[in-house]
Amino acid sequence: MTPEMTPVATPFFFYLLSGLAIIGGVLVITRRNAVHSALALIVTLLAVSGLYLMLYAPFVAGVQIIVYAGGIMVLFLFVIMLVNIERTVKERQFNRIWPAGVLAAAALLGLFVSVYVKGKTLLSDPVTGKPLWPDPTISLPDSSNTQQIGVMLYGNYMFAFEIASLLLLVAILGAVIMAKKRI
Amino acid sequence: MLTSFMSYLGSQFSPGVAGNQLWALIYILIIFAGVSVAVIAMNWLERKALAHFQVRLGPMRVGPHGLLQPIADALKLLLKEDIIPAEADQVVFWVAPLIGLLAAFTVYTVVPFGPSQAVSDMNIGILFMLGVSSLGVLGIVTAGWASNSHYPLIGALRSSAQMVSYEVAMGLAVVSAILMTSLNESGTGTLSMIGIVQAQQQQGIWFIFKFFPLGLIAFVIFAIAMVAETNRAPFDLAEAESELTAGFHTEYSGLRWSLFMLAEYAAMIAVSSIAVTLWLGGWMHPFPNLLSAPAWEFIFSLFPALTFGGLAAIAFLGAARMPGHSFFKIQRAGLAVFAALLGVLALLLLVVAIAGRHADTSIAARFREGIDYVYWFVLKVAVFMYLFIWYRATWPRYRFDQLMKVGWKVMLPISLGVLIVTAIVGVLVK
Amino acid sequence: MAEITTLHYLVVAAALFVLGVIGVLTRRNVVIVLMSIELILNAVNLNLVAFSRMWGNLHGQVFSVFIVVDAAAEAAVGLGILIAFFRNKETINVDEIDLLKW
Chain A
1 MTPEMTPVAT
11 PFFFYLLSGL
21 AIIGGVLVIT
31 RRNAVHSALA
41 LIVTLLAVSG
51 LYLMLYAPFV
61 AGVQIIVYAG
71 GIMVLFLFVI
81 MLVNIERTVK
91 ERQFNRIWPA
101 GVLAAAALLG
111 LFVSVYVKGK
121 TLLSDPVTGK
131 PLWPDPTISL
141 PDSSNTQQIG
151 VMLYGNYMFA
161 FEIASLLLLV
171 AILGAVIMAK
181 KRI
Chain B
1 MLTSFMSYLG
11 SQFSPGVAGN
21 QLWALIYILI
31 IFAGVSVAVI
41 AMNWLERKAL
51 AHFQVRLGPM
61 RVGPHGLLQP
71 IADALKLLLK
81 EDIIPAEADQ
91 VVFWVAPLIG
101 LLAAFTVYTV
111 VPFGPSQAVS
121 DMNIGILFML
131 GVSSLGVLGI
141 VTAGWASNSH
151 YPLIGALRSS
161 AQMVSYEVAM
171 GLAVVSAILM
181 TSLNESGTGT
191 LSMIGIVQAQ
201 QQQGIWFIFK
211 FFPLGLIAFV
221 IFAIAMVAET
231 NRAPFDLAEA
241 ESELTAGFHT
251 EYSGLRWSLF
261 MLAEYAAMIA
271 VSSIAVTLWL
281 GGWMHPFPNL
291 LSAPAWEFIF
301 SLFPALTFGG
311 LAAIAFLGAA
321 RMPGHSFFKI
331 QRAGLAVFAA
341 LLGVLALLLL
351 VVAIAGRHAD
361 TSIAARFREG
371 IDYVYWFVLK
381 VAVFMYLFIW
391 YRATWPRYRF
401 DQLMKVGWKV
411 MLPISLGVLI
421 VTAIVGVLVK
Chain C
1 MAEITTLHYL
11 VVAAALFVLG
21 VIGVLTRRNV
31 VIVLMSIELI
41 LNAVNLNLVA
51 FSRMWGNLHG
61 QVFSVFIVVD
71 AAAEAAVGLG
81 ILIAFFRNKE
91 TINVDEIDLL
101 KW
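Chains as they are written, first to last, in my numbering: chain A, 1 to 183; chain B, 1 to 430; chain C, 1 to 102.
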């Protein structure tokens, strides 16, 4: 019964969301006040979750909103309020070797750009001759996305799934031991 | 215009699915207005009901039986000075109420008032709903921090810890309900809000009674967690007036404060509608299987008219019982007019119910169906709203360590256990 | 505006990744460093989901779910360490965290 589910005005929403994400990212690393950074990061996370929706990944988008924006960021804000912030706002914000850091990041960016440029023009798969990044031809099923991810989590990725749950258990224990005054 | 309207009414699509942005916009406006009216009505009802619980009268002066009190309050709040403390973080202080309001109202895009009476039918509906309603805590936390004052900060800290803790139990309870949707031939469940209600329709049982008492336990866990999620009594630690003056919104006044109130009540309605959708059969009338004969359908379709007729009767009775003094002349006339309006509404609903009594594709029948769906959904939500008031009048507030203990050491294990047992029983039944 | 291809998403992800790296390498506030790590993880996730769309299968999305789990664990432990550290040293600046034992 579902008519074709086509995302509306794709280029417009793509540029809007990615612009929001990048502006948020810039604000995260430049704000003096950690709470402002956290709010900017929330904007970025929500924008990225919108991008997931555009990539036919509704389940990942939902997980992103629940776990990141609703869980992790509240934890961040909680901790920011616990540790006193008045003093850190007035202090120096960047460490002494920040030019080296920016240089390294710029080198990384150069690497990315060169790979993408070459991948776009020169490199193609030597065996088949296809481009490295083919345009998506197969559209993913949007309606059964969650079911398929569930099947894969309990099928192909069963072991990884169990390891992930163990990781969470270890993280809970670690966080409790770290944060508790007396055990 | 008219033909497109009629053809839309005749189609099975909800606006989001049909991809018609105009209709989606109109639905959004209707829902926004409806929720705002519901919040105003809830404001009046809460004050009256709380007063009657304590054998007081409650608001009586502004309008007959205080009916115009919420409007007077809204006017007062709009005209009040909007104070931003000098030491506050201006931008965050300004944004915080908007975050809460936005989160509370965005949830309504997936609330299924009927099989095609929803703004959108996302296939991650319930996930989206839980996620967005969990964003509401960000508004509270940022408000408490931005006020740059002690009480709001403590309120914000309490609220963030509380809401993150109870979200876990709430999520697990929801998962056990979602598991129940997969008990069909194909074995695939759904996260879509409309799909969940349709699964209950197919299985012929509300999930609250499914695998008795498993569904009931999960529902009770959710019903407790949702009170904690909305920061209502007895879990209103974030705004405990005897401890923190007003908690996170101590420094807020006027319009911004009313935005917080609007967000709180909208969030209450939203979580209640999650509970109704998941466990109480959404838009279905009671006993959808036993009493599904056309005669029963007709009787159930009379309920909206009967409800409004009853309200009109109560209002008339109130007008008749007003003291005979001439001071009360205007109040009595006002109440009579109000009662007459309700009566006219009841008559209209009666006409629609009778005109559309045959289950065919005529406009009247479609209209009658739509009214039925929305009526049953709203009625179930209204029961929850009354329960919220009742809790507030009855139970004393939790202490914070007790709150945490209940959340992590009682609710979380129970909901995990219910989830596991539900999964096992589900496999065995198949 | 042209059609949106996979490369567009990769460029956005690269930008977010580089921003995160800059944040990790230059900021002194531990909380902001942790947030920059979240930015990096998000950039990776965006890449994975874009590739998943490109190849028309869901392995990338499953991986990104695992990365979200990882990010939650990392944030919990990281913030736990931060609180323990703040309790002992009264500072949350990374360049003052330079002793193995005190």
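Read the hints as simulated data drawn from the structure, not as lab findings. This one's a predicted model, so the numbers in the text were calculated from it and none came from an experiment. Ideal placement from N, C-alpha and C gives every residue a C-beta, glycine not left out. Worth double-checking, as some hints may not be accurate.
[Stated by the list, open to error] Counterexamples of contact, computed for chain B against chain A with all Cβ distances above 10 Å:
1. L29
2. G171
3. F327
[What the hints assert, rightly or not] To spell it out: a stretch of chain A is covered by chain B in this simulated footprint if at least three of its residues, at any positions, have a beta carbon under 8 Å from a beta carbon of chain B; those stretches are:
4. 31-44
5. 106-116
6. 144-152
7. 164-176
[As the list claims (entries may be wrong)] Cross-link-like lysine to aspartate or glutamate pairs, in silico, EDC-like; alpha carbons within 20 Å at most:
8. K180/A / E74/C
9. K180/A / D95/C
10. K181/A / E90/C
11. K180/A / D401/B
12. K90/A / E74/C
13. K181/A / E46/B
14. K181/A / D95/C
15. K90/A / D89/B
16. K430/B / E46/B
17. K89/C / E91/A
18. K89/C / E162/A
19. K90/A / D401/B
20. K90/A / E96/C
21. K76/B / E46/B
22. K48/B / D73/B
Now the hints, each set against the structure:
1. L29: holds (19 Å)
2. G171: violated (8 Å)
3. F327: It holds; F327/B is separated from chain A by about 54 Å at its closest Cβ, greater than 10 Å.
4. 31-44: Coverage by chain B holds here, the residue count being 5 at a Cβ distance below 8 Å.
5. 106-116: violated (count 0)
6. 144-152: With 4 residues close enough to chain B, the hint holds.
7. 164-176: violated (count 0)
8. K180/A / E74/C: Distance of about 18 Å is within 20 Å: holds.
9. K180/A / D95/C: Violated, because 24 Å separates the two Cα atoms, which is more than 20 Å.
10. K181/A / E90/C: holds (15 Å)
11. K180/A / D401/B: holds (15 Å)
12. K90/A / E74/C: With Cα atoms ~28 Å apart, K90/A and E74/C exceed 20 Å; violated.
13. K181/A / E46/B: violated (43 Å)
14. K181/A / D95/C: violated (24 Å)
15. K90/A / D89/B: Judged against 20 Å, a Cα distance of about 15 Å means the pair holds.
16. K430/B / E46/B: Violated, because 46 Å separates the two Cα atoms, which is more than 20 Å.
17. K89/C / E91/A: Holds, at about 16 Å.
18. K89/C / E162/A: violated (37 Å)
19. K90/A / D401/B: Status violated; Cα separation ~35 Å.
20. K90/A / E96/C: holds (16 Å)
21. K76/B / E46/B: holds (19 Å)
22. K48/B / D73/B: Cα-Cα ~15 Å, so holds.
Of the hints listed earlier, those the structure fails to meet are numbers 2, 5, 7, 9, 12, 13, 14, 16, 18, 19, in rising order.
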